[in-house]
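Student: One-letter residues, chain by chain:
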Amino acid sequence: DVKVTQSSRYLVKRTGEKVFLECVQDMDHENMFWYRQDPGLGLRLIYFSYDVKMKEKGDIPEGYSVSREKKERFSLILESASTNQTSMYLCASSYDRGPRELFFGEGSRLTVL
Amino acid sequence: RKEVEQDPGPFNVPEGATVAFNCTYSNSASQSFFWYRQDCRKEPKLLMSVYSSGNEDGRFTAQLNRASQYISLLIRDSKLSDSATYLCVVNMNTGFQKLVFGTGTRLLVSP
Chain F
2 DVKVTQSSRY
12 LVKRTGEKVF
22 LECVQDMDHE
32 NMFWYRQDPG
42 LGLRLIYFSY
52 DVKMKEKGDI
62 PEGYSVSREK
72 KERFSLILES
82 ASTNQTSMYL
92 CASSYDRGPR
102 ELFFGEGSRL
112 TVL
Chain Z
17 RKEVEQDPGP
27 FNVPEGATVA
37 FNCTYSNSAS
47 QSFFWYRQDC
57 RKEPKLLMSV
67 YSSGNEDGRF
77 TAQLNRASQY
87 ISLLIRDSKL
97 SDSATYLCVV
107 NMNTGFQKLV
117 FGTGTRLLVS
127 P
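First to last, the sequence lines map onto chains F and Z.
With this note's numbering, the residue at position 14 of the first sequence is 15, and numbering never jumps.
With this note's numbering, the residue at position 111 of the second sequence is 127, and numbering never jumps.
If you are wondering where the hints come from, they were derived from the structure by calculation, not from laboratory data.
Values in this document were obtained by computation on a predicted structure and should not be read as measured data.
No residue lacks a Cβ here, since even glycine has one placed at the ideal position from N, Cα and C.
Hints are supplied without guarantee of correctness; some may be wrong.
To be verified - Simulated restraints on C-beta separations:
id	chain 1	residue 1	chain 2	residue 2	range
1	F	V53	Z	C56	33 to 39 Å
2	Z	G74	F	S66	38 to 44 Å
3	F	D52	Z	L124	40 to 46 Å
4	F	S81	Z	L96	40 to 46 Å
5	Z	K58	F	G64	23 to 29 Å
6	Z	P24	F	S8	47 to 53 Å
7	Z	L90	F	K72	38 to 44 Å
8	F	D60	Z	S44	18 to 24 Å
9	Z	R57	F	V53	30 to 36 Å
10	F	K58	Z	R82	25 to 31 Å
11	Z	G32	F	T112	37 to 43 Å
Said to hold, decoys possible - Straight-line C-alpha distance at most 27 Å; calculated DSS-like pairs for lysine-lysine:
id	chain 1	residue 1	chain 2	residue 2
12	F	K14	Z	K58
13	F	K19	F	K56
14	Z	K58	F	K4
15	Z	K61	F	K4
16	Z	K95	F	K58
17	Z	K18	F	K19
18	Z	K114	F	K71
19	Z	K114	F	K58
20	F	K58	Z	K58
21	Z	K114	F	K56
22	F	K54	Z	K114
23	Z	K18	F	K4
24	Z	K95	F	K56
Model the full structure from these sequences, guided by the hints.
Tutor: The structure is reproduced here in structure tokens:
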């Protein structure tokens, strides 16, 4: 089975802190994604990557950056956390560039105080 | 207009009932469509893809209506375990895999 693992299920951070969310997949997928999910807004794409060291902005990249140094690992970075970044963050991966199935991690619920 | 719209529900149905959800999309060039299921406090998982000819998987049937730009999901003989949020997902086909998620329709199946 495909496994997408997110490093932290629950985090509580203070405004201005730097936050790292890590995601690892074990199926050699080319594509990896970071979404955030908020009530009434659904899942929104923050960043995605289709290859090592490649990254593309999604719909809401402001306030976030990403890193993909290895194929299996995709990190989301909040340089200076703000309260409006309190959300559920979901990492996903997929096989190739086509509209394939997304495999999601269990999510990281971030609260910024 | 939202790119993908769903009725948030909740749809409350008794076990054994048949229930249907619709989802409308704004981009007529969209090519791929999916239904994902998300249980409470869990990650979304693919339920089924939606093909032009429609497709069926056990008690679940998905249909695509390109003329009216909507997809549907029909669940027959509802089970308690079908209680979940159903997410409509559309590939907007703007180059790379640009999947747009609806906000979901919540289904509650009661005994």
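Student: Confirm or reject each hint.
Tutor: Do the hints match the structure? See the list:
The hinted window of 33 to 39 Å between V53 (chain F) and C56 (chain Z) holds, with their beta carbons roughly 35 Å apart. A beta carbon spacing of about 43 Å between G74 (chain Z) and S66 (chain F) agrees with the range 38 to 44 Å that was offered as a hint. At about 42 Å, the beta-carbon gap between D52 (chain F) and L124 (chain Z) stays in the expected band of 40 to 46 Å. In this structure, S81 (chain F) and L96 (chain Z) meet the distance hint of 40 to 46 Å, their C-beta atoms being roughly 45 Å apart.
Range check, K58 (chain Z) to G64 (chain F): Cβ separation about 26 Å, and the 23 to 29 Å hint holds. Checked against the given bound of 47 to 53 Å, the beta carbons of P24 (chain Z) and S8 (chain F), roughly 31 Å apart, lie outside it. The beta-carbon spacing between L90 (chain Z) and K72 (chain F), approximately 39 Å, falls within the hinted interval of 38 to 44 Å. The given range of 18 to 24 Å is respected by D60 (chain F) and S44 (chain Z), whose C-beta atoms sit roughly 20 Å from each other.
Judged by the Cβ atoms, the range 30 to 36 Å given for R57 (chain Z) and V53 (chain F) holds: they are separated by roughly 32 Å. In this structure the hint that K58 (chain F) and R82 (chain Z) lie 25 to 31 Å apart at CB holds, the actual value being about 30 Å. A C-beta distance of roughly 40 Å is found between G32 (chain Z) and T112 (chain F), which places it inside the suggested range of 37 to 43 Å. Restraint check for K14 (chain F) and K58 (chain Z): the C-alpha separation of about 22 Å stays at or below 27 Å, so the hint holds.
Taking the CA atoms of K19 (chain F) and K56 (chain F), the gap is near 20 Å; set against the 27 Å cutoff, the hint holds. For the given pair, K58 (chain Z) sits about 14 Å from K4 (chain F) by alpha-carbon distance, which is consistent with the 27 Å threshold. Restraint check: the Cα-Cα separation between K61 (chain Z) and K4 (chain F) comes to about 12 Å, which is no more than 27 Å; the hinted pair holds. Between K95 (chain Z) and K58 (chain F), the direct Cα distance comes to roughly 40 Å. Violation of the 27 Å bound is thereby established for this hinted pair.
For the hint pairing K18 (chain Z) with K19 (chain F), the CA-to-CA distance comes to about 32 Å; that exceeds 27 Å, so the pair is violated. Using a Cα cut-off of 27 Å, the hinted pair K114 (chain Z) and K71 (chain F) holds, with the two alpha carbons roughly 23 Å apart. The suggested pairing of K114 (chain Z) with K58 (chain F) holds, with an alpha-carbon distance near 11 Å, which does not exceed 27 Å. This hinted pair checks out: K58 (chain F) and K58 (chain Z) have alpha carbons roughly 25 Å apart, not beyond 27 Å.
About 14 Å separates the Cα atoms of K114 (chain Z) and K56 (chain F), which keeps this hinted pair within 27 Å; it holds. For the proposed pair K54 (chain F) and K114 (chain Z), the alpha carbon gap of about 20 Å is at most 27 Å, so the pair holds. For the given pair, K18 (chain Z) sits about 32 Å from K4 (chain F) by alpha-carbon distance, which is inconsistent with the 27 Å threshold. For the hint linking K95 (chain Z) to K56 (chain F), the alpha-carbon distance of about 42 Å lies beyond 27 Å, and the restraint is violated.
Of the numbered hints stated above, those contradicted by the structure are hints 6, 16, 17, 23 and 24, listed in ascending order.
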